[in-house]
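Residue-level listing of the chains:
2 protein chains.
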Amino acid sequence: MRVHGAGGWAPEAQETLRRRTRRFASWTFGDEPPADAEVWVGSGFTAEHAARLPRLRAVVVPWAGPSRELVEQVRRVPGLTLHNLHHNADATAEMAVALLMAVAKSVVPRDRAMRQGDWGGRGRASSALLLHGSTALVLGYGAIGGRIARICRSMGMRVAAVRREARTGDPAWVHPVSRLPELLPTADALLCSLPLTSETEGLIGRREIGLLPERAIVVNVGRGPVFDEDAFFEALATGRLWGAGLDVWWRYPSGEPPQWPSRHPFHELENVVLTPHCGGWAEGIDEVRFRDLARLLRRLSAGERTANAVDPDRGY
Amino acid sequence: MRVHGAGGWAPEAQETLRRRTRRFASWTFGDEPPADAEVWVGSGFTAEHAARLPRLRAVVVPWAGPSRELVEQVRRVPGLTLHNLHHNADATAEMAVALLMAVAKSVVPRDRAMRQGDWGGRGRASSALLLHGSTALVLGYGAIGGRIARICRSMGMRVAAVRREARTGDPAWVHPVSRLPELLPTADALLCSLPLTSETEGLIGRREIGLLPERAIVVNVGRGPVFDEDAFFEALATGRLWGAGLDVWWRYPSGEPPQWPSRHPFHELENVVLTPHCGGWAEGIDEVRFRDLARLLRRLSAGERTANAVDPDRGY
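As you go down the protein sequences, you meet chains A and B in turn. Residue 1456 in the numbering used here sits at position 294 of the first sequence; the count goes up by one each step and never skips. Residue 1455 in the numbering used here sits at position 293 of the second sequence; the count goes up by one each step and never skips.
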């Protein structure tokens, strides 16, 4: 099977991929895919490529969330399938829980105070929420959401999750997204791992934020625009919500720093923990990524079904 | 049963305790215990009290860790038992995990950078450790340690724990403390919930820190002096350890701020997350405390065994 790695791949990465797939794949890398390429790995796939690569049958994005443009692009080519990787689901779920707990325990402001010799947080119950016995609502019951749910349950939280539509075999606490209006008022913590699709954009709008309990915690490791930027900022700035831990944003860096992640000053709020869309990264993650990519390619070469096919009608 | 609440109890607390125990306890509060007091609740118990209260049979500290002085004091009085509360075990275990994850994911420095418009942490795998698949070693397998172990397992960590001596019914991964030298080299994360006793003081000394893997994470929600202050600081400052999350310290506030928690500048290290011994506190925790205290007193009044008796020979 002829595989083309598009864009920039470090020499060591190329070497690792070639070694791990040598029994079933031959590779090319770079900006000029050969005319007989069968699988495209990477970003930058365009209509022009589709026209020039008659034997192409699969596009693989070696990360979790393909862009909507790519999903559209692939959908237009008959017979072409789109695949992604869940190699960073553990890392991303861990980041979600790290943010939840940092917010619940006021870790950042307490650390800042201690660095100034200020023990004011000692014995102040009002700086922390007990998670045990509270309720978590997980938005998106995929590879990441399932892991978040399991960790929250181990802390004695009640857990519910929503997904696009409930599936056979789902636990009883997994609900279709249509039940959000009933579930939001129970959510002491709302944890989002949703991809960005036409259906998830703005899913948590002003009305939905208003349905959350007073002083709920929101965590987002999915995509920023799932939340209404204006209503969400307002709920945090006014103290209507307890706080938020946000790894994903509405604006991404372009140009020189400082680069603010929203048109609102989330970065000035004490009750928000901000991280730079790094949830999926951790030391050693590339090892896991290459292992999972090699497994996916092996299944493609054998004509087997993969667990990583993206449904173009759903966008994930 | 005549119960004396020693020291300062807010009027609402007195009212709550009286209400919750009205079927079996009559209360006095303040600095002057009546001569017929049977149970002492609070701190400040002295030899003089022991001499003046002939009917006293139990001392209850309404928190987790009685001081060594109190343990000694009670041990000298024949027939007197000592009891503590585990009401804050969930909150403290949550703080331990919050610290573990904040350290593993560099939450504090990443948040600080984002507040300056700096996205440098994006896509930088070297700022985070994946906990899934790594090994946690829990020091102290009591109410807190057991909860920490459960949460770590839910994240896909391998977990071992040590306690003073293994007991019948303990899971296979719970070991006597004598096995520390074999276990420490496996511990990617070392989480301490140990009380301070003559046996735990300095338990993790220079040699033990040296046995930890390169770039291990240490979390302490037990008592500071379980760790050798000098060797521990050195291992963090030199980068021998990945980092530490510390809620308990060697020095506590006395006098005016700034009040530093150690004779070494832990508060200047980027790889340490500092909190002011607040793990056991959270909103609503007093409700849990009063509930658990009332249950304990009911068992004492009925002459039943309690799960909260402190063994004076062990000190916890």
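Everything labelled a hint here was simulated from the structure, so no lab data went into it. For every residue, glycine included, the Cβ atom is placed at its ideal position computed from N, Cα and C. Incorrect hints may have been included.
Example chain A residues on the side facing chain B (calculated, C-beta under 10 Å, incomplete) [stated by the list, open to error]:
hint, residue
1, Lys1267
2, Met1276
3, Gly1295
4, Gly1401
5, Arg1402
6, Val1434
7, Trp1443
Determine which of the earlier numbered hints do not hold for this structure and return their numbers in increasing order.
Of the numbered hints given earlier, those the structure breaks are 4 and 5, listed in rising order.
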